[in-house]
Amino acid sequence: METKSFDHKVEESFNCELPGSSRSDNDSGGKNLPGAPVIEVINVKKSYTLGDMEVPILRDINLTVNEGEFLAIMGPSGSGKSTLMNLIGFLDRPTDGKIMIKGLDISELSDKEVARLRGLEIGFIFQTFNLIPRLTALENVELPTYANAREGVDTRKKAKELLNMVGLADRMHHKPGELSGGQSQRVAIARALINDPAILLADEPTGNLDSRTGCEILGMFTRLNKDGRTIVMITHDPEIAKYADRIVLVKDGIIQSNWSKLE
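Here the UniProt record's numbering is used: the first residue of the sequence shown is 1, the next is one more, and so on.
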(Lines of atoms letter the chains of each structure in order from A; the text may use other names.)
(Lines give C-alpha, C1' and ligand atoms only; values in the text may rest on other atoms or scores of the structure.)
Protein backbone atom coordinates (compact mmCIF):
# COMPACT_ATOMS: atom_id res chain seq x y z
CA MET A 1 0.00 0.00 0.00
CA GLU A 2 1.33 3.41 -0.93
CA THR A 3 1.93 5.74 1.99
CA LYS A 4 2.32 9.51 1.92
CA SER A 5 4.54 11.51 4.19
CA PHE A 6 3.10 14.30 6.33
CA ASP A 7 4.94 16.90 4.22
CA HIS A 8 3.40 15.51 1.07
CA LYS A 9 -0.07 15.67 2.61
CA VAL A 10 0.38 19.34 3.53
CA GLU A 11 1.49 20.27 0.02
CA GLU A 12 -1.45 18.61 -1.72
CA SER A 13 -3.95 21.01 -3.23
CA PHE A 14 -7.66 20.65 -2.53
CA ASN A 15 -8.70 20.67 -6.17
CA CYS A 16 -12.03 18.94 -5.70
CA GLU A 17 -14.75 18.32 -8.26
CA LEU A 18 -17.68 19.61 -6.23
CA PRO A 19 -21.10 20.93 -7.33
CA GLY A 20 -20.13 24.45 -6.28
CA SER A 21 -16.59 24.44 -7.67
CA SER A 22 -17.60 24.90 -11.30
CA ARG A 23 -19.62 28.09 -10.71
CA SER A 24 -18.33 31.30 -12.13
CA ASP A 25 -17.89 34.24 -9.77
CA ASN A 26 -21.30 35.68 -10.69
CA ASP A 27 -23.25 32.44 -10.99
CA SER A 28 -25.24 30.92 -8.15
CA GLY A 29 -25.20 27.52 -9.85
CA GLY A 30 -28.98 27.25 -9.58
CA LYS A 31 -28.87 27.55 -5.81
CA ASN A 32 -31.56 29.56 -4.06
CA LEU A 33 -30.33 32.86 -2.66
CA PRO A 34 -29.96 32.95 1.14
CA GLY A 35 -32.95 33.80 3.31
CA ALA A 36 -33.42 35.81 6.50
CA PRO A 37 -30.52 36.57 8.90
CA VAL A 38 -29.72 33.65 11.20
CA ILE A 39 -26.50 35.13 12.69
CA GLU A 40 -25.94 38.83 13.37
CA VAL A 41 -22.66 40.08 14.85
CA ILE A 42 -23.07 43.76 15.76
CA ASN A 43 -20.17 46.05 16.75
CA VAL A 44 -18.43 43.18 18.52
CA LYS A 45 -15.14 43.58 20.33
CA LYS A 46 -13.21 40.92 22.20
CA SER A 47 -10.18 41.37 24.40
CA TYR A 48 -8.42 39.42 27.13
CA THR A 49 -6.70 40.70 30.25
CA LEU A 50 -3.14 39.58 30.91
CA GLY A 51 -1.99 41.05 34.22
CA ASP A 52 -2.41 44.79 33.88
CA MET A 53 -2.65 44.63 30.10
CA GLU A 54 -5.76 44.40 27.92
CA VAL A 55 -5.01 42.48 24.74
CA PRO A 56 -7.48 43.18 21.89
CA ILE A 57 -8.37 40.19 19.71
CA LEU A 58 -11.37 41.46 17.70
CA ARG A 59 -12.57 45.02 17.18
CA ASP A 60 -15.62 46.52 15.53
CA ILE A 61 -16.82 43.27 13.91
CA ASN A 62 -20.08 43.50 11.99
CA LEU A 63 -21.25 40.42 10.14
CA THR A 64 -24.59 38.99 9.03
CA VAL A 65 -25.03 35.38 7.93
CA ASN A 66 -28.29 34.53 6.22
CA GLU A 67 -30.19 31.26 6.35
CA GLY A 68 -28.86 28.83 3.75
CA GLU A 69 -25.48 30.49 3.26
CA PHE A 70 -22.16 28.68 3.02
CA LEU A 71 -19.72 31.18 4.51
CA ALA A 72 -15.96 30.79 4.88
CA ILE A 73 -14.16 32.91 7.46
CA MET A 74 -10.55 32.97 6.35
CA GLY A 75 -7.42 34.40 7.90
CA PRO A 76 -3.88 33.56 8.98
CA SER A 77 -3.03 32.05 12.35
CA GLY A 78 -3.65 34.60 15.11
CA SER A 79 -6.00 36.71 12.99
CA GLY A 80 -8.98 36.27 15.34
CA LYS A 81 -11.05 33.98 13.09
CA SER A 82 -11.34 31.16 15.64
CA THR A 83 -12.21 33.67 18.37
CA LEU A 84 -15.02 34.92 16.12
CA MET A 85 -16.28 31.36 15.67
CA ASN A 86 -16.22 30.82 19.43
CA LEU A 87 -18.33 33.95 19.90
CA ILE A 88 -20.83 32.91 17.21
CA GLY A 89 -21.09 29.48 18.86
CA PHE A 90 -21.50 30.99 22.38
CA LEU A 91 -18.34 29.24 23.56
CA ASP A 92 -17.25 32.71 24.68
CA ARG A 93 -18.92 36.08 25.17
CA PRO A 94 -17.92 39.40 23.57
CA THR A 95 -16.29 42.16 25.58
CA ASP A 96 -18.59 44.63 23.85
CA GLY A 97 -21.32 44.54 21.20
CA LYS A 98 -23.92 41.83 20.72
CA ILE A 99 -24.57 38.61 18.85
CA MET A 100 -28.02 37.61 17.64
CA ILE A 101 -28.97 34.04 16.70
CA LYS A 102 -32.32 33.66 14.90
CA GLY A 103 -33.34 37.06 16.31
CA LEU A 104 -32.38 36.29 19.91
CA ASP A 105 -29.88 38.57 21.66
CA ILE A 106 -27.46 36.22 23.44
CA SER A 107 -26.51 38.87 26.02
CA GLU A 108 -30.10 38.85 27.34
CA LEU A 109 -30.16 35.08 27.95
CA SER A 110 -29.11 33.20 31.07
CA ASP A 111 -26.25 30.70 30.90
CA LYS A 112 -28.80 27.87 30.97
CA GLU A 113 -30.78 29.40 28.10
CA VAL A 114 -27.58 29.96 26.11
CA ALA A 115 -26.52 26.33 26.64
CA ARG A 116 -29.88 25.04 25.40
CA LEU A 117 -29.88 27.36 22.37
CA ARG A 118 -26.33 26.27 21.53
CA GLY A 119 -27.22 22.60 21.93
CA LEU A 120 -30.24 22.78 19.65
CA GLU A 121 -29.35 25.39 17.04
CA ILE A 122 -25.59 25.00 16.48
CA GLY A 123 -23.66 21.91 15.42
CA PHE A 124 -19.89 21.98 15.92
CA ILE A 125 -17.31 20.23 13.75
CA PHE A 126 -13.66 20.49 14.83
CA GLN A 127 -10.32 19.80 13.18
CA THR A 128 -9.44 17.25 15.87
CA PHE A 129 -12.89 15.55 15.68
CA ASN A 130 -13.36 15.66 19.51
CA LEU A 131 -14.85 12.19 19.72
CA ILE A 132 -15.01 10.35 23.06
CA PRO A 133 -12.56 7.40 22.76
CA ARG A 134 -14.51 4.98 24.97
CA LEU A 135 -17.80 5.49 23.09
CA THR A 136 -18.80 3.86 19.81
CA ALA A 137 -19.53 5.93 16.72
CA LEU A 138 -23.25 5.54 17.41
CA GLU A 139 -22.87 6.66 21.02
CA ASN A 140 -20.72 9.63 19.97
CA VAL A 141 -23.38 10.77 17.51
CA GLU A 142 -26.10 10.48 20.12
CA LEU A 143 -24.03 12.22 22.82
CA PRO A 144 -25.35 15.82 22.34
CA THR A 145 -28.90 14.61 22.96
CA TYR A 146 -28.03 13.62 26.53
CA ALA A 147 -28.07 17.33 27.48
CA ASN A 148 -30.43 18.74 24.83
CA ALA A 149 -32.87 17.01 22.53
CA ARG A 150 -35.91 18.01 20.53
CA GLU A 151 -39.22 16.63 21.76
CA GLY A 152 -40.64 13.58 20.06
CA VAL A 153 -37.38 12.51 18.38
CA ASP A 154 -36.11 8.92 18.65
CA THR A 155 -32.47 9.89 19.06
CA ARG A 156 -31.06 6.36 18.68
CA LYS A 157 -32.96 5.87 15.41
CA LYS A 158 -31.87 9.28 14.13
CA ALA A 159 -28.22 8.62 15.05
CA LYS A 160 -28.32 5.42 13.00
CA GLU A 161 -29.92 7.27 10.08
CA LEU A 162 -27.23 9.95 10.18
CA LEU A 163 -24.41 7.40 10.26
CA ASN A 164 -26.01 5.72 7.26
CA MET A 165 -26.21 9.11 5.52
CA VAL A 166 -22.47 9.71 5.98
CA GLY A 167 -21.65 6.20 4.76
CA LEU A 168 -20.79 4.60 8.10
CA ALA A 169 -23.66 2.17 8.63
CA ASP A 170 -21.12 -0.66 8.94
CA ARG A 171 -18.95 1.25 11.45
CA MET A 172 -21.52 2.45 13.97
CA HIS A 173 -20.36 0.06 16.68
CA HIS A 174 -16.66 0.86 16.20
CA LYS A 175 -14.80 3.16 18.58
CA PRO A 176 -12.76 6.16 17.33
CA GLY A 177 -9.49 4.25 17.65
CA GLU A 178 -10.81 1.80 15.05
CA LEU A 179 -11.72 4.53 12.53
CA SER A 180 -9.67 6.46 9.99
CA GLY A 181 -9.42 10.25 10.14
CA GLY A 182 -12.01 10.63 7.40
CA GLN A 183 -14.39 8.23 9.12
CA SER A 184 -13.92 10.08 12.42
CA GLN A 185 -14.79 13.38 10.75
CA ARG A 186 -17.89 11.80 9.23
CA VAL A 187 -18.94 10.71 12.72
CA ALA A 188 -18.35 14.29 13.89
CA ILE A 189 -20.57 15.61 11.08
CA ALA A 190 -23.33 13.17 12.00
CA ARG A 191 -23.00 14.22 15.66
CA ALA A 192 -23.28 17.88 14.65
CA LEU A 193 -26.55 17.13 12.84
CA ILE A 194 -28.24 15.04 15.55
CA ASN A 195 -30.36 17.93 16.92
CA ASP A 196 -31.16 19.30 13.46
CA PRO A 197 -29.38 22.62 14.13
CA ALA A 198 -29.93 25.77 12.10
CA ILE A 199 -26.18 26.36 11.83
CA LEU A 200 -23.11 24.19 11.32
CA LEU A 201 -19.83 25.69 12.59
CA ALA A 202 -16.78 23.94 11.18
CA ASP A 203 -13.32 24.90 12.48
CA GLU A 204 -10.60 23.78 10.02
CA PRO A 205 -12.63 20.61 9.26
CA THR A 206 -10.11 19.26 6.71
CA GLY A 207 -6.98 20.27 8.62
CA ASN A 208 -6.09 16.73 9.75
CA LEU A 209 -7.09 15.00 6.51
CA ASP A 210 -5.32 14.19 3.25
CA SER A 211 -6.56 15.95 0.12
CA ARG A 212 -8.77 13.10 -1.13
CA THR A 213 -10.53 12.68 2.21
CA GLY A 214 -10.75 16.46 2.61
CA CYS A 215 -12.51 16.66 -0.74
CA GLU A 216 -15.03 14.06 0.43
CA ILE A 217 -15.77 16.15 3.53
CA LEU A 218 -16.11 19.33 1.46
CA GLY A 219 -18.48 17.44 -0.82
CA MET A 220 -20.63 16.55 2.19
CA PHE A 221 -20.71 20.20 3.25
CA THR A 222 -21.73 21.25 -0.26
CA ARG A 223 -24.60 18.74 -0.31
CA LEU A 224 -25.77 19.73 3.18
CA ASN A 225 -25.73 23.37 2.13
CA LYS A 226 -27.67 22.67 -1.07
CA ASP A 227 -30.27 20.99 1.14
CA GLY A 228 -30.65 24.30 3.01
CA ARG A 229 -28.19 23.99 5.91
CA THR A 230 -26.36 27.17 6.97
CA ILE A 231 -22.61 26.53 7.21
CA VAL A 232 -19.88 28.74 8.64
CA MET A 233 -16.43 27.28 8.00
CA ILE A 234 -13.18 28.56 9.50
CA THR A 235 -10.05 28.06 7.41
CA HIS A 236 -6.64 29.55 6.72
CA ASP A 237 -6.51 27.93 3.27
CA PRO A 238 -7.85 29.83 0.22
CA GLU A 239 -8.18 26.52 -1.66
CA ILE A 240 -10.68 25.38 0.98
CA ALA A 241 -12.44 28.75 1.26
CA LYS A 242 -13.23 28.93 -2.45
CA TYR A 243 -15.89 26.22 -2.11
CA ALA A 244 -18.03 28.56 0.02
CA ASP A 245 -20.50 31.04 -1.44
CA ARG A 246 -19.00 33.95 0.51
CA ILE A 247 -15.55 34.58 1.92
CA VAL A 248 -14.88 36.91 4.83
CA LEU A 249 -11.21 37.72 5.44
CA VAL A 250 -10.24 38.44 9.05
CA LYS A 251 -6.83 39.90 9.73
CA ASP A 252 -5.42 41.75 12.74
CA GLY A 253 -8.78 41.46 14.51
CA ILE A 254 -10.90 43.19 11.86
CA ILE A 255 -12.85 42.15 8.76
CA GLN A 256 -10.70 43.25 5.82
CA SER A 257 -12.88 41.98 2.99
CA ASN A 258 -16.30 40.40 2.45
CA TRP A 259 -16.86 38.88 -0.98
CA SER A 260 -19.83 36.87 -2.25
CA LYS A 261 -20.23 34.72 -5.38
CA LEU A 262 -24.03 34.99 -5.23
CA GLU A 263 -24.34 38.75 -5.68
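Some hints could be false.
[To be verified] Now the in silico label distances, taken between C-beta atoms and shown as ranges: (1) 150 <-> 96: 14 to 20 Å; (2) 35 <-> 105: 17 to 23 Å; (3) 256 <-> 96: 38 to 44 Å.
[Unchecked claim] Calculated pairs, BS3-like style, for lysine-lysine (alpha carbon to alpha carbon, straight line, at most 25 Å): (4) 175 <-> 157; (5) 102 <-> 112; (6) 158 <-> 261; (7) 226 <-> 251; (8) 175 <-> 158; (9) 261 <-> 242; (10) 251 <-> 158; (11) 261 <-> 102.
Because the hints were derived from the structure by calculation, they are not lab data. For each residue, glycine too, the CB sits at the ideal point set by N, CA and C.
message: Run through the hints listed earlier and report the numbers of any the structure violates, in increasing order.
response: Of the numbered hints, 1, 3, 6, 7 and 10 do not hold.
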